[in-house]
Structure formats: structure tokens, C-alpha cells
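> Sequence:
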Amino acid sequence: MRLYTDYILTLASSSLWTFTLAQDVPSAKAFLRRSGAAATVLGDYVYFDGGELSQWVDDKETDHTIAQTVNSTLSIDLSKSWSPDSVEIRTISKSGPRLMGQGVWPDADGGSFYVWGGHSKNGQDGKELTTTSVWRFLADGEGAGSWTKEMPANPEVYDSFQLSEGGAYATAHNTGFWIGGVATGWTQFRRGNTQPISGMASFNMADKTWRNDTAFDVSNFGTLSTGTAEYVADFGPNGLIFVLGGATYTILAGDRPPDGYRDFRNLTFFDPVSREWYWQSSTGDIPSPRLEFCTVGVSSPDGTYEIFLLGGYNTLSGTTFEDLYVLSLPGFVWTKVDAVEGGPRQGQTCVVAGKRHMLVIGGMNSDGWGNKDAFPQGLGIFDLSELKWSTEYDADAADYVASDVVKDWYRNTGIQSVQWSSEATQELFSRQVNESQDETGSKSKFTNTGAIVGGVVGGLAVLGLIAAAIFLVRRRKQRRRTPSNEGSHSSGDVSLQNGMKKPIEIDSIVLPAELPSQESGAISKASPVELAASPVNRNITECWTAR
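Numbers 0 to 546, taken from numbering that gives the first Met the number 0, label the letters of the sequence shown in order.
Please note that a few of the clues may not be correct.
As the list claims (entries may be wrong) - Calculated pairs, DSSO-like style, for lysine-lysine (alpha carbon to alpha carbon, straight line, at most 30 Å):
1. Lys354 - Lys335
2. Lys335 - Lys406
3. Lys79 - Lys371
I should point out that these hints are in silico values taken from the structure, not numbers from a laboratory.
Being a predicted model, the structure only gives us computed values, none of them experimental.
Kindly generate the complete structure, drawing on both the sequences and the hints.
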């Protein structure tokens with residue numbers, strides 16, 4: 000169940016095993032591939048840590064390559080424009096273990112990040128992989144920094160955890176979350192077997208306390224491997240963490256293939272404070288099931304939030320993907336982006352760089368470590384607004400705005416088309432985001448969905464004013480003939496404020512048969528396609544809300 004595949008290399012002579020010849024930052028000419036790193040942005044710098052890379056020795060093109068673990072933490076300055084083939088990548092010495100498949104949790108102050116999970120290749124740094132401390136990187140604000148160990152405030156809880164790799168991770172409210180993962184002999188010192196991990200670990204970076212929660216909403220057994228998690232601060236009282244894709248497993252020990260894949264049609268997410276879980280069906284160009292992809296998220300001034308998904312791998316079909324999708328919220332609509340570049344890749348990491356770029360770091364294809372990446376130094380740059388790849392990172396680029404294809408959906412189809420899974424879910428995406436007073440002193444309320452429709456259809460404002468004038472004239476005539484109905488509608492009725500019909504309250508819901516636990520979004524290993532629906536006679540809140 001190795002999550003990041005170790006490719007066997009054919010070497011001409013034993014002298015090529017001399018790793019002193021290899022570098023953590025080889026020249027653009029010598030660089031071949033990078034995979035398994037984790038990355039985050041602190042201030043003006045992107046830091047990426049861990050993983051492996053391959054390169055030609057001494058800049059000489061050869062059929063024989065070296066794949067090595069990365070010994071340093073690396074950083075790139077985002078305050079200046081650069082191109083991938085010439086950008087300066089800074090190396091920072093690392094005293095902690097060299098890892099792959101780990102998670103990174105940036106703190107709320109933006110001055111440090113924590114690393115948790117991951118595996119050490121061949122267990123070479125296994126003695127450092129214990130539940131006695133957690134590693135923290137302290138940035139100096141100039142692209143460098145230092146590593147230190149921190150002790151947990153509740154060691155009895157932390158010591159009960161099984162360290163794993165490949166979990167879905169995110170940070171919200173100064174708390175790091177890690178969902179699922181797989182524990183192996185390379186993830187924890189003196190561990191003897193492979194075990195999928197069920198549940199969710201979280202670390203409060205303020206008081207250094209750890210917590211363990213169940214996560215049965217992500218799959219039948221609460222297991223998940225090599226999916227992603229994205230914190231969306233824009234919706235709900237505390238924001239929401241979306242758990243996307245990945246493979247699921249049973250809880251049986253052993254090196255086994257995935258039990259199934261989580262699909263991208265039925266999306267699960269939770270409140271990071273209350274730990275309440277929710278679900279919602281999505282529409283559009285649904286990505287096929289996969290693992291080892293990467294995602295980034297960004298908020299638009301129109302009130303939408305877009306999550307971008309790139310690449311990945313499916314073990315059942317043996318396919319490495321090169322496609323790119325965007326999920327727009329609150330519309331819950333997927334769009335496949337017509338922009339393919341860099342070739343298929345898996346095991347890459349992605350971050351939002353600057354105001355509107357997605358920076359892709361590394362990734363492998365099926366040809367292995369000896370196949371040179373089409374992205375110079377393994378760095379790909381994608382403009383999230385223009386939906387096109389670029390050969391240069393622009394530090395002075397304009398702020399992010401949703402692409403035309405996203406705006407067109409809200410203009411032509413609209414939020415009113417969403418079939419909400421429950422009133423509770425609808426309320427999360429219809430919260431009030433602005434309250435002001437007009438010239439008469441009366442309060443005017445706006446919701447996210449109202450802001451979206453108003454922002455996207457701003458060009459129809461004149462027609463709206465004309466329609467409003469006609470309505471007022473007719474209403475005055477009506478008032479002369481009939482009593483006023485003012486006050487019959489509650490001002491807090493979200494569905495009416497959004498211009499949507501209020502959903503009928505129901506006691507049960509028909510769910511796809513591909514969701515045997517109702518919450519998971521997982522699909523059968525035997526048939527990774529949507530199956531016929533079967534009724535589940537359970538209360539919707541009991542089905543989808545974590546207890």
C-alpha cells in the first residue's frame with residue numbers, strides 16, 4: 000500500500016549510488032522529477048518540504064538517474080516575478096526527518112508551520128517518527144528559518160495516535176486537521192504492520208492540545224487516503240472544510256489495494272468548530288474518481304469560492320490524469336477546464352501563489368523518475384482567472400476574479416437550480432454577509448447568493464430598475480383595492496431573500512446505492528460508476544450530520 004510509488008532505477012555502475020553528487024536544487028537542465036512534497040505559503044514566500052527528486056548527474060544527460068529524498072526545506076520568493084526555468088530556489092537546512100506524504104499546517108500568525116504524518120523512505124529516519132513531539136518550522140520573513148520540536152500539552156492523547164501518511168489535511172481557526180491516512184512500518188518507529196487509519200486527528204496550535212474524532216462521513220469505515228481537504232472560510236458561521244476524493248479502505252491490517260474511491264458528485268464537508276458534518280450533491284463535469292491529485296481554493300469578489308483540482312491517479316484503471324477542473328461554490332457546479340499542459344501527473348502539490356496563480360510543484364507520470372518533467376524545475380503556473388497556463392509568475396497580477404465560464408453559469412443557470420440536501424445545508428450557503436442602511440434609514444440585507452446573482456448580472460441593472468418601477472405602480476393600485484399583506488413574510492426567511500422557492504421539509508431522502516454508509520461518497524471498487532438509486536428511510540439529519 001505504498002502511497003508514493005518508488006520506481007526501480009537501472010544503474011550502470013554502483014558509483015552512481017554516491018548521493019553526494021546529487022543536489023536538493025539541481026540546475027534546470029539536470030532536473031528531472033519531483034514528487035511527494037508538501038507546501039504552504041507564509042508571507043511573501045512559498046515553502047515546500049520533503050518528497051523525492053531525480054536528476055542527471057553533473058548536468059550530463061544519461062539514461063541513468065538518481066532518485067533521492069530531499070534533505071532541505073526549500074523556498075521561493077513570491078514578491079518578485081520570475082519564470083520557472085530561472086527562478087532561485089533557496090535551500091534551508093533541516094534537522095527533522097526527511098518525509099514524503101506528510102501534511103503542513105500554517106499557523107494563524109503566518110509565521111510558522113507544523114509538519115505531521117508522512118513516511119521516511121526505507122525507514123531511514125524512523126527514530127524521529129514518534130508521538131512524543133511535533134516538528135515546527137519558524138520562518139524568518141526572508142525566505143529562511145529554522146526547525147524546532149514542540150511538546151504536546153496533552154501527551155496522553157497524542158501518544159494514542161498512530162502516525163500515518165497520505166491523510167487529507169487543512170488548517171482552520173489555528174487548528175490543523177488530518178483525516179484518515181495509512182500507517183506503515185515507515186510512518187512510525189518500531190511499527191510492524193500496515194493499517195488504514197479511521198478518524199480525524201486535530202492539533203490546536205495555540206494551546207498545543209490534540210484531539211481525536213470519528214470521521215465516518217468520509218467513508219464506510221472512516222478511512223481515507225491521498226485525498227485532499229480545503230478550508231473555505233466564506234460559508235457557514237465558522238467556515239467549512241471540504242474533503243475531496245481519495246481512496247477508501249477497510250480497517251483490516253495488511254498491504255491491500257483500495258476498497259473503493261470517493262466520488263466527486265456527493266461532496267462532504269464539516270464545520271471545523273462544531274465538527275458537524277454535511278453533504279451536498281454537485282452537478283456539471285464531475286471528475287472521475289482518483290487519488291494523489293492536488294487542489295487549491297480562492298475567493299472571488301462576487302461572493303463565489305472556487306476550488307481547482309489537477310491531475311491524479313486511479314489504481315483500478317491505471318490512469319494518470321492531466322485534466323483540470325474547477326468547483327464553484329455555492330453553486331456546487333464542476334467545470335472541466337479546456338487547458339492541458341505539462342502532461343499527466345500524480346503526487347504533486349499545489350498552492351495559491353500571489354493573487355491569482357496556482358503554483359504546481361512536482362508530480363510523476365507512468366514513465367517514472369527518468370522522464371523529464373515538461374515543467375521547468377517541476378514548477379507549473381496556472382492563471383486561475385484566465386484559465387490558462389503561463390510561462391511566468393507575475394507578482395503584480397490583478398486580484399482574482401471568477402472566470403467567465405463560472406460567471407456564465409450563475410447568469411444562465413443560477414443558484415436557484417441547486418437542489419439542496421437539507422435546509423441546514425442551504426442555510427450554510429445563504430448566510431448574511433453584509434448589512435447596510437439606505438437613505439431612508441431602513442436596513443437592507445444581502446446574502447451570498449444574492450450578491451452572486453447581483454454581481455454577475457450587473458449588466459441587467461437597468462432592466463431591473465424598470466421592472467421595479469412597474470411593480471411599484473401596480474402595487475399602489477392594488478393597495479387601493481385590497482388590504483396590505485405586509486408582514487406576512489419573515490424578514491429572516493433565507494429562501495425568500497434568495498429568490499428561491501422554499502424547499503418542502505422531508506423525513507427521508509433517496510440516496511445513490513454507491514453510498515452504502517449514506518455519508519461517504521465512496522463508490523464500489525468493482526464498478527467505479529454511478530449505480531442505480533435505492534431508498535434509505537432515515538431522517539436526513541441523522542444520516543448526514545456527524546454525532
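> Now look at each hint and say whether the structure bears it out.
Here's how the hints hold up against the structure:
Using a Cα cut-off of 30 Å, the hinted pair Lys354 and Lys335 holds, with the two alpha carbons roughly 22 Å apart. A hinted pair counts as satisfied when its Cα atoms are at most 30 Å apart, and Lys335 with Lys406 qualifies at roughly 15 Å. Between the alpha carbons of Lys79 and Lys371 the distance comes to roughly 27 Å, so the proposed pair stays at or under 30 Å and holds.
Every hint from the earlier list agrees with this structure, and none is contradicted.
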